[in-house]
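Protein chains in written order, with the numbering used here: chain L, 1 to 395; chain S, 1001 to 1395; chain D, 2001 to 2353; chain W, 3001 to 3353.
Just so you know, these hints were derived from the structure itself, not from any lab.
Note that this is a predicted model, so its numbers are computed, not measured.
Idealized CB from N, CA, C, for every residue including glycine.
Possibly wrong hints are sitting among the right ones.
To be verified - Which stretches of chain W does chain S cover? Using the computed rule of at least three CB atoms under 8 Å from a CB of chain S, they are:
hint: 1; segment: 3178–3191
hint: 2; segment: 3277–3289
hint: 3; segment: 3304–3313
hint: 4; segment: 3319–3330
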Amino acid sequence: MDLSLGSEYTDFREEVRNFLEQHKTRQPSTNSDSMTAIEWQKLLIDNGYKSRTIPKEYGGFGADPDIIQSRIIAEEFSRERINTGFDGQGISMLVPVLLEMGSEEQKQQFIKSTIHGEMVWCQGYSEPGAGSDLASLSTKAVLDGDEWVVNGQKIWTSTAQLADWIFCLVRTEPKASKHQGISFLLFDMKTPGIEIRPLVDMTGSANFNEVFFTDVRVPKDQIVGKRGQGWQVANAILGHERGSLASPDAAKSRLEGVTRLMQSETIAGEKVIDNPVFRDRLMAIQGRVLAMQFNDMRLFSSRINKGQSAGMAGMIVKLIGTELRHELEALAIDVMGEVGLSYEDNPYTRDGGSWQYLYMYYLGLIIGGGTSQIQKNIISERGLGMPKEPKVDAK
Amino acid sequence: MDLSLGSEYTDFREEVRNFLEQHKTRQPSTNSDSMTAIEWQKLLIDNGYKSRTIPKEYGGFGADPDIIQSRIIAEEFSRERINTGFDGQGISMLVPVLLEMGSEEQKQQFIKSTIHGEMVWCQGYSEPGAGSDLASLSTKAVLDGDEWVVNGQKIWTSTAQLADWIFCLVRTEPKASKHQGISFLLFDMKTPGIEIRPLVDMTGSANFNEVFFTDVRVPKDQIVGKRGQGWQVANAILGHERGSLASPDAAKSRLEGVTRLMQSETIAGEKVIDNPVFRDRLMAIQGRVLAMQFNDMRLFSSRINKGQSAGMAGMIVKLIGTELRHELEALAIDVMGEVGLSYEDNPYTRDGGSWQYLYMYYLGLIIGGGTSQIQKNIISERGLGMPKEPKVDAK
Amino acid sequence: MEFGLSQEQILLQDMTSKYLAEQVSLARVREVATNESSNAAIWRELAELGIPGLMIPEVNGGVGLGALDAAVIAECLGYHVTPSAFLSSAVMAPVALIAAGKDDLLAAIAAGERRVGIAFGEAIGARRGAGITVSGNSISGKCLFVLDAEADDYLIADTDKNLYLVAADATGLQRANLTTVDKTRTTCELILDQVAAELMSTDPEVYNRSLDLGRIMQAADTLGAAQSMLDQSVVYAKQREQFNRVIASFQAVKHMCADMVANLEPCRSLIWYAAHAIDEVPEEARLMACHAKAHLSEVGKEVAKTATEVHGGMGFTDLVGLHYWFKRIGANRQLLGSPELVREEAAKIQGLA
Amino acid sequence: MEFGLSQEQILLQDMTSKYLAEQVSLARVREVATNESSNAAIWRELAELGIPGLMIPEVNGGVGLGALDAAVIAECLGYHVTPSAFLSSAVMAPVALIAAGKDDLLAAIAAGERRVGIAFGEAIGARRGAGITVSGNSISGKCLFVLDAEADDYLIADTDKNLYLVAADATGLQRANLTTVDKTRTTCELILDQVAAELMSTDPEVYNRSLDLGRIMQAADTLGAAQSMLDQSVVYAKQREQFNRVIASFQAVKHMCADMVANLEPCRSLIWYAAHAIDEVPEEARLMACHAKAHLSEVGKEVAKTATEVHGGMGFTDLVGLHYWFKRIGANRQLLGSPELVREEAAKIQGLA
């Protein structure tokens, strides 16, 4: 057990700190001498604090992967609360895929403009009829001359209004088995035939959209991988997504928030922290948050130390992490009682109304990105080697 | 809503009270003038306080069924803590079946001697390989001349050592479908080829037994119903069994017990009842116990009032009632802390060590008589009309 | 002996349910929730059904029914997430006014012409920022999360459980709507600067009776809302297909639904008994009201979460509107005392705290 | 940076586990549990492995390892429900003696020749019937549920966290075995009538360190036992057939197992960190020890129940012996402070209570 990052990283941390000290006044804001978001992004990339391991030829910094360096960068930016640059699904999901499965032309065409924030992407995976069973998606693309003609509907597409392009799973081989019939297309969101409808959710915000395609024509070569390979491409990306839904650091910070609430909220003049029943609930949740924090350290450690296994520690993060956050936010609401119902323009909201918002949002995350039921299937099948359920054939 | 039993029953209750007043000193005990258990049983039957609705010709009292009268009898005996007579599986399970499906000869032969306590029965249903899937039982009986030859093993047979006879499910039609190949046999436990092994459970007691059959020869006519009808016969009985596992009155009395414990147990001189965290747990459980008590009143009411539906109130009793009791007993253990671990000869056990015993015993009841998982299948399928899972054929 | 609803109560339930299903559809609930229309029109319609006067004696223009009848209505309103001032104007206020012998407002309440809001926060346990002082016939201070932002009068309780009536348009009274997650009912704050108040009652039992009934109605409202979420889940699961099967055939989904049934079904009997106790077993009424409120808060919360999960992504969207039920159950949990406080009251009632 | 077990620790774990699996089988556990043999023989064997002296410095005849190493052993012992005096004689007592500078017993403890029991109940929170008074060098009163009914000496803590050493055969001391559900370890009562006691420490930190380590070891023991119950469940579910399928193919059973994994896996990291904190981050050690103990008590209880359910009727019988794990987890929950008490301590440590 050794929790220091090692002396060889002391210099690196110093370097990051110096950079931040020197440039933090220029980060995007309303100040007169602040950079634009795009300028800031370029500065970060040039110094290796963004797109650090993406090859120089595609517009990145070109460093060798070093997970500890990445963590130090994240820690220092977070400590100083500095803008970490663009962070959309294009950067987090599409670029890794293009690096692995894209053609040389696609890499040239898309990676630099994406990481530099000049090209914003949205993701077209889920459909109303294809949620947990994503591979049953039915948006189809039919080849007509040199173009794919796309028809169908996507849902849960965030930032669709802002996106320049979409990366999208479509069915191109209707006669193949469901996992073999999907292709991965890229196309311009300004193409005729695309309609975007904001999807309001239970929080009252439109965090997502529905996107409708009617005879959308896409040049034939705007495909990543081969025809019918789209499922494999998409799965590489899904792996990237899951971990990020339940950050233990965020949970820790929210736990501090509940503690502060309990110290400030009162019932008939008595502070809530002095109520042993609420205090007991707080302590029980703190134990669970700590366990997830150390679980995350174990995961991090297994990534930087070859040969160190983290067992099933990774597989359970989404399931436990989202449930834990949902309960943590719920505790805060109970602590506030009727005040905890405050929402939107209510002047009595605490912490900007975030408790109710995140209570609901985390229920969404329990469901989204693989429901808790799907997570449990995965843990029992892949983790414990228990058999899949008997399959039912398509009608 | 009318919670009185009606003035017409006032006289009846008076009658029961008079009987108890007059005879209670004679109930079986170590007193010199007390009756034997068999004499007491006969007295109860003669006065209609036992086997009340069983026809006179079969040794019963021969009254018309009246659920309210039965409840009054139960209430008064319970209030005075009077011995309610014999109560084995022969009386509670076999007799109802014989009345409905037995031949006239079987009724004559078995009912009177059973209800009078002269003939004790045990039940042979479950097998090591046939638990939740009881209908897959494999103890077989082959006809050889005028006799069935029984081979196989039963488990969870309570009172096997004391039993004179057994009622037993055996497979007689190996080629029929699993539900159609079972027969319901009755036979003497002194028949050669029967071995009984006590089955110690987690409580440390041998509440049950394993029973092994090796070439046990049973006269051909000792069958209830026809060959292959045994499953239907058994299911009529299972219905009788389930309700009795989770009595809300017992839960109420145990709740009072936990409350008393909390008032007497101390931690560093402070009474546990003065600890708000434990008090909150007690109140939460009290709410659940009350809900089950009133749920039971609703069920009782629907039985005496034709046309009044109790919805799914009956279907959930076993599932919720057993879990609730398990948690209630667990609360008591937590209240006592390390003292709650006391068991058997430990002089610090409270209430005779019943808290640990029943904590474990109720875990057994969560599993036995249809596991919680089977209960949920039943609720969702029969209660909510959700489809059964796709079936898997026998190999 | 009959434990359950009478024929008349079943009829009342059927009629109310049918009316709400037809006349106060989800589309109409949405209109109120998004401020496109007010809840006043719905209240007028409910008045035609006699609902505001349900518990008001016939001599005062009401229907003169009891607590169990009111619980039946509350369950219907919860089932249909109906926007209404039922809790305050049809139950808590009239019951307090009747018990206090203050009959003159009853006819107007029964007619649906006058609404009386409820400000009991001070007596239940004032939250930070709230607090009133009473001096002679005038009240100053602040009441938060007062039931009904559009009432004509308010019943205010002080820490001693004295009850006062103030007019919404009284001099020195400022009222502001307080938005909550539950848009089907309204709450407000009252800022009082020496507002003239009429002392209604100094008998804590008057306050208790009103609060007990309010809590039972909230429990019944949660029962109805949770039952609806369960029903919607079963319907959805039976039609939604994934992996070539309706999801209702997956054991995980079946067991989620079974858990909801198993936890909800006994709640119905608990509420029935609590309502029955109000009129027939008064010595048990306060305890039963606490347990109904606290237990339904917990069960409701679980059911609301589980039902949303059964609906998958759809449950999270506004498309099917399931969140109106989710939020209504959430509001019932906190208003008139959150479960921890109410359980502590239950312990006190029994001399255990 | 490396968060996890070192190569040496993994080796220690493998060797211990292998030894226990081969030499201290369930059959042998049963013999001890049913009093057919004593735990002394097992303790002698563990001494050959160096386990009693694990935390005792080499100069005193021990192995000189740290808290995380001890946690590794504790997990192994829990996994195999090994009967032993590990908690008291290998961890809590030596750690207290070392911290108190009382070295003379260490060599005998390390050799497995002398066992020291633990009587901390008075300091943690005496239960009804227990209680001691100290007067000068003598103690009178009663200690309940003292760890190890066969120890040679006992460390007794008073309410001020002072520690005293008394010999098991001291004049005025009566000892009686106290049967608990967990037959794999022993507890006793000590009835003291002016028993000569040696004052070991008046520094509360000595007591704290011993208690913290004890709680972490209990948590690790529960982790091991729960992991074993999970492993046994998966094996059983894969071979047990009902309805023509192995029950491991039923979603309900799969999800029960997945829940066990999901709740247990983070516990491992919590315990590792808590043990690490004892030696390397002392300012966090007490809080982490409380959380490890309380959290594992809750998770352990759930896993013990769920695993028994996965085993169906078999889990309830003595045939597979699963109950030994169930009861061991149950005992760990209550000894050295039940979870409610320990969580309150966690709050106090942070100044929240």
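Consistency of the hints with the structure:
| no. | hint | in the structure |
| --- | --- | --- |
| 1 | 3178–3191 | holds (count 7) |
| 2 | 3277–3289 | violated (count 0) |
| 3 | 3304–3313 | holds (count 5) |
| 4 | 3319–3330 | holds (count 6) |
The structure is inconsistent with hint 2 alone, although it conforms to all the rest.
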